[in-house]
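> All chains, please: the whole structure from these sequences, using the hints.
As a plain string of letters, each chain reads:
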Amino acid sequence: MFDYNFHWRPVLKSLPDLIQAGLVTLEIAVLSMIIGILLGLCLALIRMHMSGPLKWFAVSWIEIARNTPALFQLFFFGFGLGAVGINLSPFTIILAGLCFNCAGYLAENFRGGFQAVPVTQLNAARCLGMTAWQTYTRIIIPQVFRIVYHPITNQMVWAVLMSSLGMLIGFRELSGETQFFASRTFRIFEYFAVTAIIYYVIVKIILGVSRLLAMRLFRY
Amino acid sequence: MQESISFFSGFTPSDLLFLGEAAWKTLLISVLSISIGTLLGGLFGWILYEGKWAAALSLNPILDIFRSVPLIIQLVLFYNFAPIIGLNLDPFLSGVVILTLYTAALVAQVARAGIEAVAPSMRWTSRSLGLSYWQDIFYIVLPIGGRAVFPAWIGVVLGVMKDSALVSVLGYVELLKASQILITRTQEPFLILALAGAFYFALSYPISRYATKFEERWAK
Chain A
1 MFDYNFHWRP VLKSLPDLIQ AGLVTLEIAV LSMIIGILLG LCLALIRMHM
51 SGPLKWFAVS WIEIARNTPA LFQLFFFGFG LGAVGINLSP FTIILAGLCF
101 NCAGYLAENF RGGFQAVPVT QLNAARCLGM TAWQTYTRII IPQVFRIVYH
151 PITNQMVWAV LMSSLGMLIG FRELSGETQF FASRTFRIFE YFAVTAIIYY
201 VIVKIILGVS RLLAMRLFRY
Chain B
221 MQESISFFSG FTPSDLLFLG EAAWKTLLIS VLSISIGTLL GGLFGWILYE
271 GKWAAALSLN PILDIFRSVP LIIQLVLFYN FAPIIGLNLD PFLSGVVILT
321 LYTAALVAQV ARAGIEAVAP SMRWTSRSLG LSYWQDIFYI VLPIGGRAVF
371 PAWIGVVLGV MKDSALVSVL GYVELLKASQ ILITRTQEPF LILALAGAFY
421 FALSYPISRY ATKFEERWAK
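Residue numbers (my numbering), protein chains in the order written: chain A, 1 to 220; chain B, 221 to 440.
Simulated from the structure, these hints should not be mistaken for lab results. Incorrect hints may have been included.
Here are the computed lysine-lysine pairs in the DSSO-like style, where the Cα-Cα straight-line distance is at most 27 Å [unchecked claim]:
| # | chain 1 | residue 1 | chain 2 | residue 2 |
| --- | --- | --- | --- | --- |
| 1 | A | LYS204 | B | LYS272 |
| 2 | A | LYS204 | A | LYS13 |
| 3 | B | LYS433 | A | LYS55 |
Keep in mind that this is a model prediction, so the values were computed, not measured.
Structure, rendered in structure tokens:
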């Protein structure tokens, strides 16, 4: 039945390179999450409190990010912007695509979080003499952050998984690197099996770290 | 004067037909894998709920793999693994198999949450009134739990519909692959990407709006 000889040696030999590429994947995911959280927070606040073209812009960003495939968004940043003369490097394309996508999803999470914090909290803080900035940074956002902590962790995992799209636009993060090696040695199955394990480990590490952080942050 | 040969030609009506056919293929693979995957996922969710620790140790880690490894990697891995065990699957079938399992892994969690959403007292009551176990499942748990997790299920469905774009790595010409081919030929990325994006958006946006409305009505 098994008419196939598994060759694991070339995979083991390039394992250090794959792990290196795994770090690139992690780097992209972390960067896109940091930018995505900031952008998502802005989008959520704009969507809730503003009107006019700015709100229209935020709503269309959120809806396009949530209702089209991530690959489509990457194609847009790659082919679309390329056509008007803005040629981005593969790294920038994947980072921009992931940030765009994460910001859209996170904005909706943040909106839900803001709506879950009672208005009385805001009123009480303002009555106590806090400025709007103080109220938001010291009262509202910490509570929102606690509510959206779990969704943010999920989004972080999604960012890692989505960064594998780099393979399709020629960026050499973990998947792209694997494809490069696989097409050089034709050991496609072996390479991708090892890559799958590396992804699994990365995801588990993220979930574990987030659980530890949660224990530390939300003790009381 | 010699006429130069042009490698690129403009966007013609027949290309619209090509895109339409590709859109149909996207729909076909999504509907097929979502419907089988949902049935399978419901079954898995029930096993996870009833199986207690045995299922938590056996089925859950397997489903966890499908959630923790990028879909692209799963697709490439399975497509290259099938010939090893003597199966010759075309890209479409491989895509359906992996998308189905992926859907099932995601739906399993939703289904378990749905069963847990039904109050135990409700189920004791139904059993006390003389309903059999299966009557209890189909007439009590399914309608009540199903309604509770319907929005979450819609989220999974839309996610899989968008992720079906990734089957293009196996050479299955679905909508995004078709638009990529057309962009290469016509050099008109904006028009074609807008068409493809509009298709996904038109499919996804109304459904997600409906789910939100449903959730709001149910929350009252």
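> Each hint needs a verdict: does it hold in this structure or not?
Hints versus structure:
A distance of roughly 22 Å separates the Cα atoms of A:LYS204 and B:LYS272; the hinted pair therefore holds under the 27 Å criterion. Taking the CA atoms of A:LYS204 and A:LYS13, the gap is about 24 Å. The hint holds against a cut of 27 Å. The suggested pairing of B:LYS433 with A:LYS55 holds, with an alpha-carbon distance near 21 Å, which does not exceed 27 Å.
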